[in-house]
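Chain by chain, the residues:
Number of protein chains: 4
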Amino acid sequence: MSTFGKLFRVTTYGESHCASVGAIIDGCPPGLPLAPEDVQVQLSRRRPGQSNLTTPRNEKDLVQLQSGLEHGVTLGTPIGLLVKNEDQRPHDYSETDLYPRPSHADYTYLEKYGVKASSGGGRSSARETIGRVAAGAIAEKYLKLAFGIEVVAFVSSVGKIHLPSHVAPPSLASDKDADNDDVTDALSEEFRNLLSTITREQVDAHPTRCPHHETAERMTLVRSISYVGMSSQYIVINREMLISVVSLQRIIRAKDKQDSIGGTVTCVIRNVPSGLGEPVFDKFEAALAHAMLSIPATKSFEIGSGFRGTEVPGSKHNDPFVQKTNGSLGTKTNWSGGVQGGITNGEDIYFRIGFKSPATISQPQETVQYDGTPGVLAARGRHDPCVVPRAVPIVEAMAAIVVLDQLLIQNARKTAASLLPPITTLPPTMVMPPKETLVSK
Amino acid sequence: MSTFGKLFRVTTYGESHCASVGAIIDGCPPGLPLAPEDVQVQLSRRRPGQSNLTTPRNEKDLVQLQSGLEHGVTLGTPIGLLVKNEDQRPHDYSETDLYPRPSHADYTYLEKYGVKASSGGGRSSARETIGRVAAGAIAEKYLKLAFGIEVVAFVSSVGKIHLPSHVAPPSLASDKDADNDDVTDALSEEFRNLLSTITREQVDAHPTRCPHHETAERMTLVRSISYVGMSSQYIVINREMLISVVSLQRIIRAKDKQDSIGGTVTCVIRNVPSGLGEPVFDKFEAALAHAMLSIPATKSFEIGSGFRGTEVPGSKHNDPFVQKTNGSLGTKTNWSGGVQGGITNGEDIYFRIGFKSPATISQPQETVQYDGTPGVLAARGRHDPCVVPRAVPIVEAMAAIVVLDQLLIQNARKTAASLLPPITTLPPTMVMPPKETLVSK
Amino acid sequence: MSTFGKLFRVTTYGESHCASVGAIIDGCPPGLPLAPEDVQVQLSRRRPGQSNLTTPRNEKDLVQLQSGLEHGVTLGTPIGLLVKNEDQRPHDYSETDLYPRPSHADYTYLEKYGVKASSGGGRSSARETIGRVAAGAIAEKYLKLAFGIEVVAFVSSVGKIHLPSHVAPPSLASDKDADNDDVTDALSEEFRNLLSTITREQVDAHPTRCPHHETAERMTLVRSISYVGMSSQYIVINREMLISVVSLQRIIRAKDKQDSIGGTVTCVIRNVPSGLGEPVFDKFEAALAHAMLSIPATKSFEIGSGFRGTEVPGSKHNDPFVQKTNGSLGTKTNWSGGVQGGITNGEDIYFRIGFKSPATISQPQETVQYDGTPGVLAARGRHDPCVVPRAVPIVEAMAAIVVLDQLLIQNARKTAASLLPPITTLPPTMVMPPKETLVSK
Amino acid sequence: MSTFGKLFRVTTYGESHCASVGAIIDGCPPGLPLAPEDVQVQLSRRRPGQSNLTTPRNEKDLVQLQSGLEHGVTLGTPIGLLVKNEDQRPHDYSETDLYPRPSHADYTYLEKYGVKASSGGGRSSARETIGRVAAGAIAEKYLKLAFGIEVVAFVSSVGKIHLPSHVAPPSLASDKDADNDDVTDALSEEFRNLLSTITREQVDAHPTRCPHHETAERMTLVRSISYVGMSSQYIVINREMLISVVSLQRIIRAKDKQDSIGGTVTCVIRNVPSGLGEPVFDKFEAALAHAMLSIPATKSFEIGSGFRGTEVPGSKHNDPFVQKTNGSLGTKTNWSGGVQGGITNGEDIYFRIGFKSPATISQPQETVQYDGTPGVLAARGRHDPCVVPRAVPIVEAMAAIVVLDQLLIQNARKTAASLLPPITTLPPTMVMPPKETLVSK
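Residue numbers (the working numbering), protein chains in the order written: chain C, 657 to 1097; chain L, 657 to 1097; chain B, 657 to 1097; chain A, 657 to 1097.
Derived from the structure by calculation, the hints contain no laboratory data. Just so you know, not all the hints are guaranteed correct.
Stated by the list, open to error - Distance windows between CB atoms, simulated:
1. V978/B <-> V697/A: 44 to 50 Å
2. T1029/L <-> E742/A: 50 to 56 Å
3. V978/C <-> Q1019/L: 17 to 23 Å
Unchecked claim - Some chain C residues judged to face chain L by a derived CB distance under 10 Å, without partners named:
4. H673
5. N741
6. V814
7. G815
8. S950
9. K1012
What the hints assert, rightly or not - Below, a list of computed lysine to aspartate or glutamate pairs in the EDC-like style, where the Cα atoms sit at most 16 Å apart:
10. K972/L <-> E1022/C
11. K800/C <-> D694/C
12. K972/B <-> E1022/A
13. K797/C <-> E693/C
By construction, the Cβ of each residue, glycine as well, lies at the ideal position given by its N, Cα and C atoms.
Here chain C stands alone, though its shape is the one from the complex (with noise of 0.2 Å):
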């Protein structure tokens, strides 16, 4: 329903044409230092109207704090906040509301309740993230001040035009390789250097999200000679290095023709302590996809090697152990993503998320009514030709949720085991060596 987690919950409210959207936020951790800048910092990340990052700052989607916290610091008990719909009055009706909106979620919603918003999607509207993504700043505030856990997430491709083969997350190989076993550019080093490196500033650096260092420069140059948001007269210079450039390019193509375009959104979460994930059925990566589905417009998840790992023996797939400079094991390589039997093994964790093309386009649509009327559904208010670049901070907040949330209840057990008067009755090999009993950095 409107709840997602255990013991670090988020509840949302609101659809586009109410009063307001929030959410309440309970089980934060009390103490923890937090002001309304850390909530809108990701906030206005995902707020729409961003596309020219040098337009004056227009103040939309700010956040009102409404409990759980005094003097900056919070209490423990549950977190209210909220974000004023500007427009908030349902609709005028007219002749569109006659039909479900193709891939929209107008037919389903009505099928549901039996009862349809103004909005026509309800709750499907992207609007209803902003309680999530609020929820996820605190959550990553907390995680970055007590472990240092980071969370990143970049545009990996849109639409066909993905990050170049040697930076990118594994994808799926062509039919052709079969009697292949080689994978020589699956998991390459620069591309568990991007994850290991990338920040938020190198991200937002340009406008589409996507990140590609040797790009730097020349993005720069382009921006400067013909970024005038709305247009696509850009001078593309070389595919494969200005690919940022090029993505953009193709937004603003699928916008020229009315259109639409999908795309991927890859995130990576650093300095997670091993050991978090709930077998059997709330694994890590089990929790994760359930939060990245519960996105609107995605249809995919990949963790580690994803679909590409299927086709790689297990001899190459395996990641061996090695022992690290501060004497706790690590792997070689990471194709598991951070995640062994559904538990974090404390290296970098990956994953790539799918978001289809918006279902919502100028194009004329062949279709029919709500009673089997046939005919043609105009166009139809302003909308995004593609998602992806505003989904990144999405993409965080879900992640951070689930980690706080995992590492709560492994804390609940850690600490009740440490507890415990040593195991004596055990070979020394089926327990742990005794070390600090707290999850900690």
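Knowing the structure of chain C, use the given hints to seat chains L, B and A on it.
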């Protein structure tokens, strides 16, 4: 943790070296005819040792129903069930216990719990899935009887060998087509036909559980000639047309090399009523992704057009509505995979899951011991070189559990709404025309 | 934590010194006519400052509905709502902050969270109940419209002053009758009549919310003569007959002494269909007890015969069945309080809750500071000398929430069972004769 | 439904005529030494047929642990367990099946599920409690080892026979004292002593499980003279001093009359750390009330001063703080029962539960059949005339489950908070002085 579902709830217990594995299924509708055979048939499809289908059946994994039914009818009370573990002794410790097996769950279970079970990976054992398969079989029985719902999963790839593209689920295109929006083969008529007609009998006709109708005759031929279970003496006639056999060959090749290989399972759910799925966090596909990623060895999930759909422009990806012969609305295409805005729309629901190559291989592996000492981990035990054929009933089970759980929740709402007086204050287009108040066929 | 309910779910936020208090109500059936007044009426019964009913209404605690409805009809999506706190500044620290107030939540909140809110007791503030009362009002609206269910609570005792025994709920007898099994007055006809007819108007006719029909006229008289809110100038005419007035006097006496006093609230729920309550852990009375003991200041709960029933032999305590005029079964007596085996039987559900004397009193109290220094805690603030009159709508709210939640769950099951083919393998006495498949009036 | 708890979770199955009853206990901390005897001892205190303590023990209700431990140590994975039903055949139908037994669950189970189990009341059977008692024994083992927590329940009344007032829990005074606020005997020193010292050995010293220290010698005498199990040949020496014997006599009297009688159980939990209980809906007492009212035949619950406390003015009811010898704060009195604002304060937690007279009696009862035909229901089977002695271990079990579940949740929060940097922005009185970060002894 170990419970899945909200109203139809499955709780499982057991690992590979204890007395039994089992489950409690809570919330099964009362009045359902149920016999042990209903459960056994799927357990037998799941159990190990099926590779040569002509072998006399050895009666392993016999289910013992404990409660919740009398005279062959469910009472509505919890159904307890168990399957004995044949060899339940904790294993003898040996040198291999000093090593966490690469990409297995040994290391993470020890990190999580601080105690190591004999089996190493504890509940990550495939035996844990017995409880799920039993629960799924019960859910299916209800769904079939009350709604005519059918759940059929099949193997869609092994390693790099996929169903031929003209009968395949959409797969990710390569970069070379980046400027070409044409998507001609992505959701073929043949694939939709496969989805709408495939039966378990067809799936089980070949040991790989990979169906391809045109190859039926040749498959029989091949088997009668040379299939001897452990060998790889196939006569491969045609790669494209004999895909299942090739897949099997791929598995045997892995086995011969003491290696393993992954694959994908595709599943279709037919005749699901519209309106299922709980916005916003428990969207139908979110619950499904959660369920699927909780199956051991899974790394990826996609529904409908999945990752492929991210490359298709909205104008082609949108599913226009059409009126069906029974008067209700359907969609002309089905890129959505039966779900829009997180809610089922009545079309076939199809999705695909990626299973990584099994971590347990017989080849020696260079790795380190728990204490960091480098060494070579030698072989131990016998294991499946490829899990996807046995994963088929597990995928079906988790799918059935999700559908029944969501169905019960939607029933609660729909029945509640049906008891209210008609809405008179909304424009007619905003209210569903009165029809059956119940979710039904 | 801060969420109650499984399918009808209420999540609240807010304490007394923050910007607002509020709630998200998830799972409200769609199509329910709902206006802010439906909620406001119960909030106004709950708010402080009602003691002199002739005072012009000051518009405190105005609810702001944020989402989940359009054109006065619920959409099935979450209903967000809030009530502003009038004085939302954290308080100025003073010497009293050095003391944990005896029997208040200051000490335990600090022990739990390690951070102390301005209000001391954080969420133990009575203002938190605003969200519940609002949610309860919405639940009630549905229950009334769909089932004719009525929920009425009233004050049944203040201090040692109880409803006269002939119209009283069963109370605990003294030891002196230990050998006498006769129980003649325990569940009087008058009490059953009171339960089956009492209305909120009757309850609200007196400021104590203690109804006693025969005293209506005298109450009016007394009030017109002398009720001036803060004084205790009552003319007490007859203790037994003027119980409400006496109760009020008891409260005023407590106030005059800068002391406080507790009391009990009795609640009846009428017209609840049979079959609600989820064995075994969520029996109807277990859910109800949970709900009631979550209200601040409650210490006890009893349903039906309660503690008194422990003294009555089974032969007298059993409720024989009778056939009602509509053909269905009812019970002759109702010691069970409408619940048998944890499941409602269609009879009136009645229960009683004990509220302790408010901890906040103006008398100086000898106690110690947080650091152990002994001292005298002087008065701070103004507080209710007795909370039971204001607790009435809170009890009603939690009762309505429990009923609707359990109703939705049972609807899910009953609808599911109704879609199965008839049971033919059981003896006829083992199957319920076919009747309406839905839970309905 | 059939699961209780959030992090320490118990799921049970089974009714009286099926193969077995059992449970899955999920979330048990790993590393706990556990033997079948730990569970068996409480199951044996619960099982039927204990009335003559000198009888050679017949080994009924033997628990079979299935999973979750190896070499006598818990693994952290779910513990499956079961107890065989000795006579598991569905019963033969007879005329008594035409009648819903008065105040039993036959009628309501049929109304709820539409199918009637052989046992009539399905899961309302006392055998269902076996799973809880086993789970409780495991929880207790942990609580004892890690925190020294002790849970002891005892019978505090049978019928009208209560513990003498000077060693009694507070009970509801009569109306006659309405104007007298003096409460001298309400929470006697002797009662507090009883709570702080009572052991299970003392409780089990008499078949009624009603402890009264001063009567120890006389009880022995009486038993050696005349206790013959089924007869009522007691020499009653003194009602006040021989209360346990009288209670037993009361039970035997009920049995002789083919009748039944109810009673109350009081329970104390010692050494619980402060800070447990989840505001606002899962207050400690709310969770406890939920747990207790889920036990068959319970109708009432009170914690601390309970109903009695409603009559005591705040000035007397408040528990002033004192500094304990270890430096921490305690309370001088303990009307609160160890819980303030829904959170434990470190004092003894005590509460009382009322059990109604068992519905199954051998006397003929005038009632009606399911179809409304009037008739007389004749006796069937043998049943306990009073359940409270056997309820003692069930109450203890549910209490231990609640404490461990709440402890795990609080551990999660407290550990999380301890990993944050010190709070510097709040006045010192608003922050808990740094002490141990963990909940511990």
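Outcome of the hint check:
Taking the beta carbon of each, V978/B and V697/A are about 46 Å apart, inside 44 to 50 Å as hinted. Taken as a hint, the range 50 to 56 Å holds for the pair T1029/L and E742/A, whose Cβ atoms sit roughly 54 Å apart. The hinted window of 17 to 23 Å between V978/C and Q1019/L holds, with their beta carbons roughly 18 Å apart. A cut of 10 Å between beta carbons decides the hint on H673/C: the least distance to chain L is about 12 Å, and the hint is violated.
Because the beta carbon of N741/C sits about 16 Å from the nearest beta carbon in chain L, more than 10 Å, this interface hint is broken. Hint on V814/C holds. Least Cβ distance to chain L is approximately 8 Å, under the 10 Å limit. Hint on G815/C holds. Least Cβ distance to chain L is approximately 5 Å, under the 10 Å limit. Against a cut-off of 10 Å between C-beta atoms, the interface hint on S950/C holds, since the closest Cβ of chain L lies about 4 Å away.
A least Cβ separation of about 5 Å between K1012/C and chain L falls short of the 10 Å threshold, and the interface hint therefore holds. Restraint check for K972/L and E1022/C: the C-alpha separation of about 12 Å stays at or below 16 Å, so the hint holds. At roughly 12 Å between alpha-carbon atoms, K800/C and D694/C fall within 16 Å of each other, so this suggested pair holds. Between K972/B and E1022/A the CA atoms are separated by roughly 12 Å; this keeps the pair inside 16 Å, and the hint holds.
For the proposed pair K797/C and E693/C, the alpha carbon gap of about 11 Å is at most 16 Å, so the pair holds.
In this structure, the hints that do not hold are numbers 4, 5, in rising order.
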